[in-house]
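Engineer: What follows is the residue order along each chain.
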Amino acid sequence: MNADTFFSRVRILGAGIDVFGDLLVRDGLIADFGPSLGQPEGATIIEAEGAILCPGLVDMRAALGEPGFEYRETIASAAVAAAAGGITTLAALPDTQPAIDDPALVQLLRTRGEETGSLTILPYGAVTRGCRGEELSEIGLLREAGAVAFTDGSRAIGSARLMRLALSYARGFGARIVQHPEEPSLAAGGSATESEQSTRLGLPGIPAAAEAMMVARDIRLAELTGGAVHFSHVSTGEALALIRIAKAAGLAVTCDTAPPYFDLNETSIGDFRTYAKLSPPLRKEHDRKAVIAALADGTIDAIASDHQPRDADDKRQPFALASAGGSGLATLLAITLAHVHNGSLPLPAALDLLTVRPAALLGIQTGRIAKGAIADLCLFDLDRIWKVEAGKLPGKAQNTPFDGRALEGVVLGTWKRGTRVFG
Amino acid sequence: MFYRQKHLLAIEGLEPPAISQLLDLAESYVLLNRSGKTQRDLLRGRTLINLFFEDSTRTRTSFELAGKRLGADVINMSVSTSSVNKGETLIDTAATLNAMHCDLLVVRHGQSGAPLLLAQIVDAAVINAGDGTHEHPTQALLDALTIKRRKGRIAGLIVAICGDIAHSRVARSNIHLLTTMGCQVRVVGPPTLIPAEVSELGVTVFHDMALGLAGADVVMMLRLQRERMSRGEVPSAREFFRFYGLDMDKLAHAKPDAIVMHPGPMNRGVEIDSAVADDPLRSVIKEQVEMGVAVRMAVLDTLSRDHRRNER
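Going line by line, the protein sequences match chains A and B.
Quick note on numbering: our numbering labels position 122 of the first sequence as 122, and the sequence is numbered without any gaps.
Quick note on numbering: our numbering labels position 87 of the second sequence as 87, and the sequence is numbered without any gaps.
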């Protein structure tokens, strides 16, 4: 049995809790917390006066390199990066090679997560076999094996008929369909947001409307089927306005966004910077501001890393040929905190977007501070400064769109079921 | 010296004095070429590699001639896309070229931004000879020189660029250069071939040739690729010619002394009628080719100057 861990004089923050005091971890669970606890004998004392102790982050959208793309990221390297980023639970996208369209693969990923000792992997199941967008996968069996929700990952479910079937069928198993909202025929061949900038650079554009029209379609299909749809990495004001209306109407519609979409805009790709080539593409400044507003007003339910590991060869290409995607595990918390520091988001709301709210969407009980809850914890210094440097990030994937960025907010330690796994 | 960059990757970002410097030098090369007194040892011992990932007899030959007239050792490398598909990346190609100690690297590539990527890796001065739908700087310079010699000036002229603006690197470089030098630039074409928010680049958009050409001093036609029809951006060649092809009737809307330009190769009967293309009074298309060699000599000369100074 592990020794107890005693956090002394920290700010304990998460899901409605905000107290300055102590927190005791025993047997992998939060045994007690409060303004002043007695120090038990033999406990490991963590003294970090003024630091913030929050639930381990729950990242509801990340691609792992395994299976199939181990040159980009392995589960082991992703777990290292996640722990360094304060992430203790991660929902893994199924558009791997092979795709996660078989119950055995769902079980394998869960097991591989447990083997890391630091990261719970919650696999998404593929909506369609091979994520090819043709025929439904065995959603019931995948659900039974532990798939938390269903998506084709970075591929939009383009056929309206297929999306209707998926929403309808998954409803019978209480499962959510997670959509990459981008009308494929409008986005085909595009590599940047269609704008003055794409015109200047001579890059094929993707209109912002490609996102909004897929969101509009799927909201109608959710209404038609009674199914639950979740939109990933929403990046445009237009799409968020539609989601806001759908939520007000009481439809089962939710969404997340990722740090690039509220921290960066299209100018990051100036001079053909492929590390800033993402899918969806970085948008105009007014869209970035709309994402911030939707985070603040609650329209957006979660902030996910949208981690997409790529290696140098994937990126050292002419822009249109370079692979889209940015690494995001190590920067998820600090980029979010940047918008706490600049006054856009209150700290408790920002942490909820990284913990309890995605946990609720994934149907899990973690992401909270409560007596008896599993002690997945993240301890961070809100003000300490560091600099993002591609090549020096934890884990394998170095393709950060935030290279060179100075940030305030450093993870001091991460605990998984009471065991320290970082710091 | 106003031109201070190591490479020539784009017109965008160049200041008027830098452009004027290149044009003035090019003009002196026109006279030298015509008199047959070109200085043949300026680039002696220098290696110029023409690295073409896309076929282009015209541009490659022009650079080859420019390099040879200045005494450089000129090597043509045509890299078929198939060898790229076999796994050799642009980065590998760049490493190979670096090992050859090339001084001037002329690059034509089908992808926007490829010359910049090469410039970040190779030691040579890189000259963009056309990248994707991004830029084709020497084409814009030779067009400007042609205009200047014919019209006596550049500033204040009305220039109509017509046809497939969206997929044209020639159009982009010309828009940047001509607006920078004080022209009124119009773009004319069907809405499917006008790129997003192009008016932010300082041009006025027209979808009607009569209106777009009204009062123009210069009519610049662009090549329309067959692909535009197969991709449905234009229904047919004959429909395009009917509404956007330059014939004598449409040209009549421009100024009586307006000149007609085309970067070549022309699709006669698609974007331009032969009667216009071959009209010795209006068409300056052959002169553009002559200016091309002089402009490229000026560019090679300018980009080699730092190097030469260092050796002294």
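These aren't lab readings, by the way, just hints derived from the structure by calculation.
No experiment lies behind these values; they were computed from the predicted model shown.
Just so it is clear, CB atoms sit at the ideal spot from N, CA and C, and this is done for glycine as well.
Check before you lean on any hint, since a few could be wrong.
Incomplete in silico selection of chain A near chain B, CB under 7 Å [what the hints assert, rightly or not]:
id, residue
1, G190
2, E194
3, S195
4, E196
5, T199
6, L201
7, L203
8, G205
9, A209
10, F272
11, R316
12, P318
13, F319
Partial chain B-side listing against chain A, Cβ under 8 Å, derived [as the list claims (entries may be wrong)]:
id, residue
14, Q5
15, N33
16, D247
Label pairs and their in silico Cβ distance ranges [unchecked claim]:
id, chain 1, residue 1, chain 2, residue 2, range
17, B, A196, A, P35, 56 to 62 Å
18, B, F2, A, W386, 53 to 59 Å
19, A, G189, B, K255, 36 to 42 Å
20, A, K289, B, L211, 35 to 41 Å
21, B, M248, A, D271, 41 to 47 Å
22, B, R150, A, A241, 51 to 57 Å
23, B, R305, A, A241, 41 to 47 Å
24, A, D271, B, D41, 19 to 25 Å
25, A, A209, B, P265, 33 to 39 Å
Engineer: Now, for every hint given, state plainly whether the structure supports it.
Structural biologist: How the hints compare with the structure:
Annotation: interface hint on A:G190 violated; nearest CB of chain B at approximately 11 Å, more than 7 Å. Taking 7 Å as the C-beta contact cut-off toward chain B, the hint placing A:E194 at the interface holds, the least distance being around 5 Å. For A:S195, the interface hint holds, since its Cβ comes within 7 Å of a Cβ in chain B; the closest pair sits about 6 Å apart. Checking A:E196 against chain B by beta carbon gives a least distance of about 4 Å; that is within 7 Å, so the hint holds.
The beta carbon of A:T199 comes within 4 Å of a beta carbon in chain B, closer than 7 Å, and the hint placing it at the interface holds. A least Cβ separation of about 6 Å between A:L201 and chain B falls short of the 7 Å threshold, and the interface hint therefore holds. Hint status for A:L203: holds, given a least beta-carbon distance of 6 Å to chain B, under 7 Å. For A:G205, the interface hint holds, since its Cβ comes within 7 Å of a Cβ in chain B; the closest pair sits about 6 Å apart.
With a least beta-carbon distance of about 11 Å to chain B, the hint placing A:A209 at the interface is violated under the 7 Å criterion. Because the beta carbon of A:F272 sits about 3 Å from the nearest beta carbon in chain B, less than 7 Å, this interface hint is met. Look at A:R316: its Cβ gets to within about 5 Å of chain B, closer than 7 Å, so that hint holds up. Here the hint on A:P318 is kept, as its CB sits about 3 Å from the closest CB of chain B, short of 7 Å.
Taking 7 Å as the C-beta contact cut-off toward chain B, the hint placing A:F319 at the interface holds, the least distance being around 5 Å. For B:Q5, the shortest C-beta to C-beta distance to chain A is roughly 14 Å, which exceeds 8 Å, and the interface hint is violated. About 32 Å separates the beta-carbon of B:N33 from the nearest beta-carbon of chain A, more than 8 Å, and the hint is not met. For B:D247, the interface hint is violated, since its Cβ never comes within 8 Å of a Cβ in chain A; the closest pair sits about 29 Å apart.
Checked against the given bound of 56 to 62 Å, the beta carbons of B:A196 and A:P35, roughly 58 Å apart, stay inside it. Taken as a hint, the range 53 to 59 Å is violated for the pair B:F2 and A:W386, whose Cβ atoms sit roughly 42 Å apart. For the hinted restraint 36 to 42 Å between A:G189 and B:K255, the CB-CB distance of approximately 39 Å keeps it satisfied. A:K289 and B:L211 have their C-beta atoms about 37 Å apart, which keeps the hinted 35 to 41 Å range intact.
Taking 41 to 47 Å as the suggested C-beta distance range, the pair B:M248 and A:D271 conforms, at roughly 44 Å. Hint check: B:R150 to A:A241, Cβ distance near 53 Å, so the stated range 51 to 57 Å holds. A hinted range of 41 to 47 Å for the beta carbons of B:R305 and A:A241 is inconsistent with their spacing of about 56 Å. In this structure the supplied range 19 to 25 Å is violated for A:D271 paired with B:D41, their Cβ-Cβ distance being about 36 Å.
Range check, A:A209 to B:P265: Cβ separation about 36 Å, and the 33 to 39 Å hint holds.
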